[in-house]
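Novice: What follows is the residue order along each chain.
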Amino acid sequence: MTVLLEIEGLGISFGGLRAVNDVSFRVNPGEIVSVIGPNGAGKTTLFNMISGIYKPGAGRVRLMGEDVTGISPHLLARRGMSRTFQNLQIFQSMTVLENAVAGYHLQESGSVLADLLGLPASRRRAAAAREGARQLLERVDLARAAEMEAGSLSYGALKRLEIARALALNPKVLLLDEPAAGCNAVETEEIDHLIAEVAASGVAILLVEHDMKMVMRISRHIVVLDHGEKIAEGDPATVSRNPKVIEAYLGTQAEDAHAHG
Amino acid sequence: MPELMQFLLSGVTVGAVYALVALGFTIIYNASDVVNFAQGEFVMLGGMVTVFAHHAGLPLPLAALIAILSTAGIGVALNKLAIEPARGAPVVSLIIITIGASIFIRGVTQLVFDKQLHRFPAFSGDEPIRVLGATILPQSLWVIAGAVAVFVGLWLFFTRTLIGRAVLATSNNRLAARLVGINTGWVMTLSFALSAGIGALAGVLVTPITLVSYDVGIALALKGFAAAMLGGMGNPKGALVGGILLGLLEALTAGYVSSQYKDAAAFVVILAVLFAMPQGLFGKKSTDRV
Amino acid sequence: MRLSEKQWTLLILAALIALSPFFFPSSYYYRVGSLIFVNGLAVTGIVILTGYAGQISLGHAGFAGIGAYACALAPAHLGLHPALALVLGAAISGVLAFLVGRPILRLKGYYLAVASLGLGILVAMALANESWITGGPDGIKVADLGLRAVLKSQGLDLSNTEFWYAFTGLALLIGAWLALNLHDSPTGRALRALHGSEIAARTVGIDVARAKLAAFVISAVYASVSGSLLALQNRFITPDVAGYMHSIEMVTMAVLGGAGSVLGAIFGAGILTMLPQVLTVFAEYEQLMLGLVMMLVMIFMRQGLLPSVLRLIRGRGE
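Protein chains in written order, with UniProt numbering: chain R, 1 to 261; chain P, 1 to 290; chain U, 1 to 318.
Just chain R, same shape as in the assembly (with noise of 0.2 Å):
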């Protein structure tokens, strides 16, 4: 089995804070990977230089072999990753049918003067990618809400609609920032299914979760990391037993509860 993504002692710094230190791990296709650590651990610093919009101070990023370290977002998109956000960057004034579409843009976009004269190519483009979007959207139960304003939604549907629109993209390697963060049970539970369904189709999924029972149920392989190291990593079974695993968490949760105390 060949190595989806690899990451190779990644690191970088905000104005000479060390935000992530050498983290390196790898995820194959169809794998779930899990990176979990207590909040300001440097998660989703390392999804955005995973995804190009941080650079990486050091280290390298491989997709598939090739070495795609701090190459633009939309050309990692071209060569198979797809990502979401954890504070949600939806298209705020489209209706979610078209934030859904806006997913499929590289099979859709074409001549910009076909665009400008509504050529039938460019009509038959946005068909094909609108089509495609129904689907989606179908699938992440989103269907009936598909010709309202995207800025409307629920934030749980708001999640649901940016797994969707990272889906469009056909991805091989998806990155998902906190998807069940802010939904309630039963919501979390089909965002469960959605993701296993996507890893079963060859999907690598590289994951960013604060739901534990989530974590431990889907992933393969969990990262930990803490202030921008890793600490461990390994099967939920191994990693929920290591020391500084529960040294982390609980360090945190008794600061985390004297600063609310």
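In short, the hints are calculated from the structure, not lab data.
The calculated label-pair distances, taken between Cβ atoms and stated as ranges, are: (1) ARG62/R to ALA83/U: 52 to 60 Å; (2) ASN173/P to ALA83/U: 54 to 62 Å; (3) LEU60/P to ASN160/U: 55 to 63 Å; (4) PHE24/U to GLU138/R: 49 to 57 Å; (5) ARG165/P to ARG217/R: 47 to 55 Å; (6) ARG314/U to THR2/R: 52 to 60 Å; (7) ARG18/R to PHE275/P: 29 to 37 Å.
In silico DSS-like pairs for lysine-lysine, Cα to Cα no more than 25 Å straight-line: (8) LYS108/U to LYS55/R; (9) LYS244/R to LYS213/R; (10) LYS172/R to LYS55/R; (11) LYS108/U to LYS237/P; (12) LYS141/U to LYS152/U.
Only a predicted model underlies this, so the values are computations on that prediction, with no experimental measurement involved.
Where is the CB? At the ideal position from N, CA and C, for every residue including glycine.
With the hints as your guide, set chains P and U onto chain R.
Specialist: Using the frame of chain R, we list chains P and U on its own:
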């Protein structure tokens, strides 16, 4: 090189005015994230009100004081009536609001006063002073000294007084400032008054040299804006350096290249600076948060 | 049959253009109408740049200037037919926009505003200063398009103002049609997507720099054609066409009416073009009123006039 000296002197004079306009931009930008395109109108008002108050028989210093205070009042009104109600509006809307304000102020000025060019006597006569083979008008010294005084005064205000520190804190983080009990609405009012007052002062100082009419504001706003960008938006030091640099650049272009294209040189350099370092000379780099 | 939004817009626009003349008290209104259409065309370009893609330009009058002076200079110096001069102007504007667009559009918000403003001012300055060819600040004569004579020989005898009303009205309809095609096309969706979230747009594979550039070039061509039509209609042009105030007018018209929609923006063009005509009696109040309208609409109707009015009407209907 008396020629070069002459260009440098006139460049610094014009640059001092640009620096004051840029400083006005900076103060308002820091307090409210708004770039106030009506900044040039404050300079115009400073000149025009002084002219008419002086004509009405008031002594020049009193006329100038009235001009500065009334312009500061107009600045506060601008904030209360147009900027605060539009809080949270997109940048395009804010640009149109402040441009609308500038057109409005121009329209009112031309109605209340007139469309003629005006001046009042220079503060210390018109006898040029010889410096290293070049000459400088006494009024130019007033302009430069005025700019220096404003910058030093503001620096003291922002670093040494409690109110000044509150303004600075607000510009750094509005929410945090509010949490520690700073009245940010009041800080906005103060910022607009200060900015408008400084603009008016620039108008008072420079009118004996450049004359004033109801429509001189646009060009000044554009140059001051450019100077602020050159230095890095939101940075008072940047406003000073950007203003002086721009003034020098214009004077040198006018002297050695073509007087018709002196404005062009300024904009060419600004485009170049923005392309090479979009944050200006002293600006902070910002990253999008995701 | 249910009409799409695009069809509705074109239908309303066509009906307004065709039916308004029945209510004109004098032939002078044909002139006002064609001015609205010419402005409306430039503003439609701004809709694509600002309304769709969310990018600001305070320098688009520069492109109008290029279009206008192409029609003044190319026929006189290159012997080009005025219609071809219009195309040449559009091509020059497009190429210039393409060349400067990439670095300029890396900037955002106020920085983009000042960079585009500088660009426009440079064009205006060149037109005013290179008087050996442009005639300088006093302006220059523009050749006759000649189409009216052709129509006359075909038996369609229109007065000058009638001809320009019809011709610019047609140009506006075509411009609106293209912009509406774009709106629902893949390119238009990409523009609106990057307006909503640049980062998300990039992660779905949109080449944001390229998409912005496309919008910039297209809107520059709109402005250029608008400038050309203005020059050809007036048979005379001054550097003011490229001036800062004209750039501001374009953006104001678009945003005032509602930059998100073609019809709204053209509505804005109509209002702002008519304002001085309505206020001729109070000429000295013109600036005051213009400034006041700009502020009030932006403060109280952020979406622009037309969307706000429509919402009001719909609200009453329910």
